[in-house]
Amino acid sequence: MAAGMSRRTFLKTTALSMPAATVLMGCSGEDQGETAEYVFFTAAEAAFIDAATSRLIPGDELGPGAHEANVPGFLDLQLAGAYGRAERWYMKGPWPTGTDQQGFQNRLTPAGIYRAAIADIDEYCRSTYGKPFATLPHAQQDDVLKGLEANKVKLRHSPANTFFALLWQNTQEGFLADPVYHGNRDFIGWKLIGFPGPRYNYVGEIEDYGKPYKMPCVSLAGRHPDRSIRET
Amino acid sequence: MKLRRRPWARIGIAVVLALLIGACSGMTAQPSDADAQTRRSPGSYVEVTRGHYLARIGDCKSCHTAKGGKPWAGGRAIPTPFGVIYSTNITPDPATGIGDWSFEDFYQSMHEGVARDGRHLYPAFPYPWFTRLSRDDVHAIKAYLDTLTPVRQRDVPNELPWPFSMRSVMAVWNKLYFDAGTYQPDPGHSAEWNRGAYLVRGVGHCGACHGSKNFAGATDMDHPFRGGMAEHVYAPDLTGSRRTGLGNWSVADIVEYLGTGSNDITSAAGPMAEVVRMSTQYLSASDRRAIAVYLKSLPAARTREHGAQDENDIDASVMRSGKAVYIDDCQGCHMDGGKGIPGVFPPLRGSSAIVADKPQTLIQAVLEGARIPPTRAKPTGLQMPAFDRKLSNAEIADVLTFIRNSWGNHAGAVSEGTVGDLRDTLGSTPH
Amino acid sequence: MARRRDPVDVVLVGFGWTASIIAQELTGEGLEVLALERGEYRDTVPDFAVPHIQDELRYAVRKQIFEAPRRETLTFRNNRQQRALPMRHLGSFLPASGVGGAGVHWNGQAWRFLPQDFELRDFVEQRYGKNFIPEHMQLQNWGVTYDELEPYYDRFEYLCGVSGQAGNIAGIRQPGGNPFEGPRRRDYPLPPLKRSASTVLFDKAAREAGMDSFPCPAANTSEAYLNPLGVQMGKCTYCGFCEWFGCGNYSKASPQTTILPVLLKKDNFRFRTHCDVVRINTDTGGKRATGVNYVDADGETWEQPAEMVVLCAFAQHNVHLLLLSGIGKPYDPETGEGVVGRNYAYQITSSVDVFQKEILNPFMGAGALGQGVDNYNTGNFDHGPQGFIGGGYIALWNTGGRPILQHYLPKDAPHWGSGWKKAMRENYLTATSIATHGSVMSYRHNYLDLDPTWRDVYGNPLLRLTFDFQPNEHAMSNFLTDRATDIARAMHATSIHPKPRKGHYSIIPYQTTHNTGGAAMGDDPRTSFCNRYLQAWDMPNLWVMGASVFPQNAGYNPTGTVGALTFWAAEAMKRYIRRPGPLVMPS
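Read top to bottom, the protein sequences are chains E, Y and U. According to my numbering, the stretch in the first sequence is residues 2 to 233, in order. According to my numbering, the stretch in the second sequence is residues 64 to 494, in order. According to my numbering, the stretch in the third sequence is residues 1111 to 1697, in order.
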């Protein structure tokens, strides 16, 4: 990676159009997540995302959660990239309202939905609790999330349950996708459930009925995706 | 039927006609002076066909065609330890090719390594091997080359530093290392063996890659098949050595390998894949067998000091790390225990290619991937993907060391530096 | 004005399964064949190579292996009273784009349809009487019989190296196979795949529940396989990344792993990628196709003249092209007249999630690694008392255990939070799911036409889909779900969670990519677009491949039948090229 090029610029210019594994191999050794410099989220948005995903998948007695798995960093890159821009979606108007069966009919891209919804939710939290979402006690954060899920909180730009469903889906992705996408750090998600990652040969094990599979987790970048990121 | 008629079913006839017409038009397209007529006399159909066959066995086209270039028009870069040599245009273009060459000119180049203008050729053109061809066979090759479409393309100057740039150096070289002479059958062996020896030591020029070369780039002609470097990779031992050579191969194994690109022991990779695809798959069944019989008669090479290595000599941590990479990245196809899947993915255990003295061919396969050559007999062309982006030099070194020293294999450890060197070379070399 | 290319004998629209088969067969006849593919070139290496293909997020979730709706989509409504709206991202079904088509990303579930499926109208009328057929159900015979297709099923199965257990060889029952299947001439080319923990449980439970369980037919090779074209396939390693991925080790049948190594070497075959066919051209009388127009990657339009035009695109894309080209009479649901867009059908699926105590290691699987029962497919049981037509199979497919999309949680599990985490931890390794795969009949008001509002990247009207599940299908699917629940109970699970298909058809959740019809085959030009050889009734040099020709859909994955019909049509084309003209005269 060229000297003097910030991670932000690097990711903006190359990362999002290249296979993730390639990108990671080329990244410099910054420890993103803790000191995350976000590509898409503003500081306020990042605070919301970190807080919300930490309630959706909390760190608890079963182990670390969305924060530790760097789900916010995952979401940031996803929204900054092709997915955030709805690059493969059909986004031509007009935009009439459809039935539940007709699916997504929102002129906003996923990135646009997040941007608008986070602002709307923080505004709702300020007017209801006097504080933005990120600084609310956990119980109140949970109440807000439940309100979004049940579409009881009204947002200005998107139906609350549409945003909640998107956030929850993307949070699971960040927790369970291959670590080359920067989430699921240290295989936190896979270790929780027992998925060994993209392994290629179970000929010798598939008939060992009832026996746990013992090999360690692998990513598309190998057993130590973080090390690959930092070393190369 | 109203569909557009295409004589595909008669394609074989069309090719033959094209050959004959090519031969005839070559004649008529020439200036009408008698000299040119004799220089490019049209060969008989039988002779042209035999020349085509021999040119294939010699794999002439591979070297005399640049990547993406016009066939036979030369320009392919051939890296040597002394510099880059570019192959020449051997189409019958009078100005830039060999259209003006008489048979004697051509024979002199093949037999003595001296071009028509008297300049010495470099042995990247394997005249030390071609010298053994009979005049008849050289005549047939010339007759075939005369049927090619002339291409006007000037040769690319070689990139050789002084003193190698001086052709006269080659006169000295020839004195030291080159013996001209047509192959003389050995009456102590069968006709089949002699045919095999003629092909292997002559037009097939197998030792050009499979033989070790001295500091001057000359093959050890007394023991020309004990393995050697070919461009960046290693062409393994072809002698009867059980571990690194063909000692455990049967004649049928060799026949299958040459004809199809793979057998139950291994499959062709790297430059040999191209040789099979372009050349050996077209060998007649009897010539394939003759070659196998000859190769099987080569006595085992002595064991080299950097050859076999006891498994205990290798650091246990390297073996552990190599095994992890093997399980994660190789076992999907090469299976548990390096068994492979016969006929599909080559086994890694008990394979002489795996325990070859030098590991460069294996390193190249891991870095760049490899393709079993698609042949008429086995058209699939199964491919191994490249792992250059996924695996570090150390991981490649460890996994190859593990593979070379597991399941009964024993061979030298592969160093991270060797992998790094080849990665750098391949990365900076157009190929 | 389109620039003109040199004419060819045969132009194929699309380069997936059907195009590869037709190309292989017709180049063998000496014809010059050209395939035009809208997507990109893809091969096992590098495109499906192991260092990157097993990427659930990229391929299965972000759907990068499928067509992009930005370039091609359709509009959808449940009924004619609604306004159809664009399908803005993929959901219910996942058409492919690129060389190999859906043959790259399919699971490999390689079924034959039942003999009755091809003569369904006759079968239902004879068994239950005409009055049994609900109003507006457009039940039709296919014009071809199982016995006629049998040799071609055989060819497709041997092309692909299908792993399975025969149930009926030449009329003789085979133990362990599907006892209801039509007679096959010989065994499958390969033995069944290994069983996974969950398919073993299903097998035992299905037998306990009194059903006939068998290993489902799989175009995933249980052993290395050399097919009749000389193409070598690998051996499945149960990596669990078949469905929605390309196969990295040559063990899932696809055009790439079965045909292309031979086809691409032929001098009389060519293909062009990033070429989107936008029109079928016809002569002034409209009696003959003269070729196609396509747009290349630079946006330039070309005319490609050809003596024969074969539509080999995905089902609804073939129909879209016919409608855009004004070929055939568009279907009018008001009058019931017209054939293009008629007979659109789909499938109705449901599932029963099963939660066990023991470890099942769901991630060890293969796309078509399944154990099934066929006791409740079309004619295999008396559905008269149930009052519906059709049926389907019930199977436990162990396709894989990809964590984002292939995890199952008990009904009462919390949706998120610590409770969700706990449920994930406790169930991922021990849960599985039984699927039902039901037929859908064709109806007067389920159809395809052109949308009046939305347009594609070329300014052409999008296709409009009007479709909903009908009471017959819901009744059938509920019945199947109940039978699947019987099996789930017999698995002695900790808990089960039946998920019947309820309410209106929705474009959102993935169900199947088994969209059918719109250019049906048949024996009557008033109700079918093409004859029994897949040749257009009104335009003998135009042919339609794929599931577009199904008059209604059966209770099986369709690829086996699509493959058989393609070989069947190829044989007919070989007769046609000797004597061009209609192969069937309408009676």
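Honestly, the hints are just simulated from the structure, not real lab data. Heads up, some of the hints might be wrong.
As the list claims (entries may be wrong) - What the simulated footprint calls covered on chain E by chain Y, stretch by stretch (three residues with Cβ under 8 Å from a Cβ of chain Y suffice, anywhere in the stretch; the number is not a length):
#, stretch
1, 52-60
2, 168-182
Stated by the list, open to error - With beta-carbon atoms standing in for the labels, derived distance ranges:
#, chain 1, residue 1, chain 2, residue 2, range
3, E, L63, U, R1554, 52 to 58 Å
4, E, E69, U, P1261, 57 to 63 Å
5, U, R1554, E, N152, 35 to 41 Å
6, U, K1467, E, M216, 19 to 25 Å
7, U, P1301, E, E69, 44 to 50 Å
8, U, D1377, Y, F278, 46 to 52 Å
9, U, G1281, E, L63, 56 to 62 Å
10, E, M216, U, T1563, 38 to 44 Å
In this text, a Cβ means the ideal position worked out from N, Cα and C, and glycines have one as well.
A quick look at each hint next to the structure:
Under the rule that three or more residues need a Cβ within less than 8 Å of chain Y, the assignment of the stretch 52-60 of chain E is violated, with 0 such residues. For the stretch 168-182 of chain E, the assignment as covered by chain Y is violated, since 0 residues bring a beta-carbon within under 8 Å of that chain's beta-carbons and 3 are needed. For L63 of chain E and R1554 of chain U, the hinted distance range of 52 to 58 Å is satisfied, since their beta carbons lie about 54 Å from each other. With their beta carbons about 60 Å apart, E69 of chain E and P1261 of chain U fall inside the hinted range of 57 to 63 Å.
Between R1554 of chain U and N152 of chain E the beta carbon distance is about 36 Å. The supplied range of 35 to 41 Å therefore holds. Distance hint check for K1467 of chain U and M216 of chain E: the Cβ-Cβ separation is about 23 Å, which falls inside the suggested range of 19 to 25 Å. A hinted range of 44 to 50 Å holds for the C-beta pair P1301 of chain U and E69 of chain E, which are about 46 Å apart. Evaluation of the 46 to 52 Å hint for D1377 of chain U and F278 of chain Y yields a pass: the beta carbon distance comes to about 48 Å.
For the hinted restraint 56 to 62 Å between G1281 of chain U and L63 of chain E, the CB-CB distance of approximately 58 Å keeps it satisfied. A hinted range of 38 to 44 Å is violated for the C-beta pair M216 of chain E and T1563 of chain U, which are about 54 Å apart.
In summary, the structure is inconsistent with hints 1, 2 and 10 from the numbered list given earlier, while agreeing with the others.
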